[in-house]
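Novice: As given, the protein sequences belong to chains S and Y, one line each in that order.
Sequence positions in the first sequence follow my numbering and run 1 to 114.
Sequence positions in the second sequence follow my numbering and run 1 to 242.
Treat the hints with caution; some may be incorrect.
Unchecked claim - DMTMM-like cross-link-like pairs, simulated, lysine to aspartate or glutamate; straight-line CA separation at most 25 Å:
| no. | chain 1 | residue 1 | chain 2 | residue 2 |
| --- | --- | --- | --- | --- |
| 1 | Y | Lys67 | Y | Glu174 |
| 2 | S | Lys20 | Y | Glu210 |
| 3 | Y | Lys157 | S | Glu105 |
As the list claims (entries may be wrong) - Computed beta-carbon distance windows for the label pairs:
| no. | chain 1 | residue 1 | chain 2 | residue 2 | range |
| --- | --- | --- | --- | --- | --- |
| 4 | Y | Tyr29 | S | Ile60 | 42 to 52 Å |
| 5 | Y | Thr192 | S | Ile60 | 22 to 32 Å |
| 6 | S | Glu105 | Y | Met127 | 32 to 42 Å |
| 7 | Y | Leu39 | S | Gly48 | 49 to 59 Å |
| 8 | S | Gly97 | Y | Ser137 | 34 to 44 Å |
| 9 | S | Leu93 | Y | Asn160 | 49 to 59 Å |
| 10 | S | Gly48 | Y | Asn109 | 34 to 44 Å |
Claimed, not checked - Facing chain Y, from chain S, some residues (calculated, C-beta under 10 Å):
| no. | residue |
| --- | --- |
| 11 | Leu30 |
| 12 | Gly48 |
| 13 | Ile70 |
| 14 | Lys81 |
| 15 | Trp109 |
Keep in mind the hints are simulated off the structure, nothing from the lab.
Just so it is clear, CB atoms sit at the ideal spot from N, CA and C, and this is done for glycine as well.
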Amino acid sequence: MSTESHEVHHEGGEHESMSKGRIIKVALILSAITAVEFIIALLLVPHGYLDIKYANPVYIVLTLFKAFYIVAYFMHLKFEKLGLALSIIVPILFIIGLILVLTNESHHWIDLRR
Amino acid sequence: MSTATAVSEIDEVKSTSWSGGRSPFNVEYGKVMMWFFLLGDAFTFSSLLISYGSLRFSASVWPAADKVFQSVPGLVDSGAPLVFVGIMTFILILSSVTMVLAVEAGHRNSKKEVIGWMIATVIGGLMFLGCQALEWSHLHHEGFWWGSTPALEELGKFFNEGGTEAARHMTAQEFANLFFTITGFHGFHVFTGVLINIIITVNVLLGTYEKRGSYLMIEKVGLYWHFVDLVWVFVFTFFYLV
Numbered sequence: 001m002s003t004e005s006h007e008v009h010h011e012g013g014e015h016e017s018m019s020k021g022r023i024i025k026v027a028l029i030l031s032a033i034t035a036v037e038f039i040i041a042l043l044l045v046p047h048g049y050l051d052i053k054y055a056n057p058v059y060i061v062l063t064l065f066k067a068f069y070i071v072a073y074f075m076h077l078k079f080e081k082l083g084l085a086l087s088i089i090v091p092i093l094f095i096i097g098l099i100l101v102l103t104n105e106s107h108h109w110i111d112l113r114r
Numbered sequence: 001m002s003t004a005t006a007v008s009e010i011d012e013v014k015s016t017s018w019s020g021g022r023s024p025f026n027v028e029y030g031k032v033m034m035w036f037f038l039l040g041d042a043f044t045f046s047s048l049l050i051s052y053g054s055l056r057f058s059a060s061v062w063p064a065a066d067k068v069f070q071s072v073p074g075l076v077d078s079g080a081p082l083v084f085v086g087i088m089t090f091i092l093i094l095s096s097v098t099m100v101l102a103v104e105a106g107h108r109n110s111k112k113e114v115i116g117w118m119i120a121t122v123i124g125g126l127m128f129l130g131c132q133a134l135e136w137s138h139l140h141h142e143g144f145w146w147g148s149t150p151a152l153e154e155l156g157k158f159f160n161e162g163g164t165e166a167a168r169h170m171t172a173q174e175f176a177n178l179f180f181t182i183t184g185f186h187g188f189h190v191f192t193g194v195l196i197n198i199i200i201t202v203n204v205l206l207g208t209y210e211k212r213g214s215y216l217m218i219e220k221v222g223l224y225w226h227f228v229d230l231v232w233v234f235v236f237t238f239f240y241l242v
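In isolation and in its complexed conformation, chain S is listed as follows (with noise of 0.2 Å):
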């Protein structure tokens, strides 16, 4: 989105919509993320083309792809206001940064349990 449609519709308080169209391209988007993520786990993996080693950090990826559909289409993130968007992802880095703080605490938890 531009800038400039946000000025356009200041006054109604709410602004480009999801057309019928859009909503069912999104739709179909994640469906078929999904169906791809069950044809990895289902056929690829268990008769050995893609070793589950691999498989893992395509479902991540895959899995934040969605996530992306539906926050900026599904709950209209990407036409909001730049700031209203910032105030929502920026908080994020948090959760990222437990990621990586637990994940690396949890390999030394390996040897404690020995």
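On the provided structure of chain S, position chain Y as indicated by the hints.
Specialist: Chain Y only, in chain S's frame:
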């Protein structure tokens, strides 16, 4: 005299959004608050999922998802890995789609369509809850619950290979506790989401938002409902796929 009028202009209370004369985010107050509530909720879910991740990383063995989740309740007891959770996932995605369609209908002030899509969303939510109840009761019958696992000699079928019996017992217990806590907390969100959706649907039926002139309330509950779907996307990946 002139200074007095200048002061009174400064002192004048602005009654519009955020009392600053305009809303900086160009979004209604309730919607901003819903976003911030969801951000807090995202932290809660992240903490739970990250705890799960770190406990799993620190374990030498872990129950294999495609061996634990093998049944489609009412159809087959085993041999259908991940099929049932696939159905649940599609139900939740579809109910998210019907929710956006309700929001879209609300923008056009089409009361009839809003009601239709809201009812579809409620039905989707109830179907998901029903599926989750079946999934829970299946796992419970197999012996998994908070604080309990299947008998030691039966545990083998839930693991791929490796690991001592003691390690298997411990991680099976950790798996059960985390699974029921996290899907339970998510299920509780779905449950409250369905309740809120029902209340909003009744309000639409009563014409509350028609009188108000805007269906903005649909967008706010929509945000909550999509968040529930968003959390499921992560729960699904980390419990059933990885």
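Novice: Just pull the numbers of the violated hints for me, sorted ascending.
Specialist: 3, 4, 7, 9, 10 and 12
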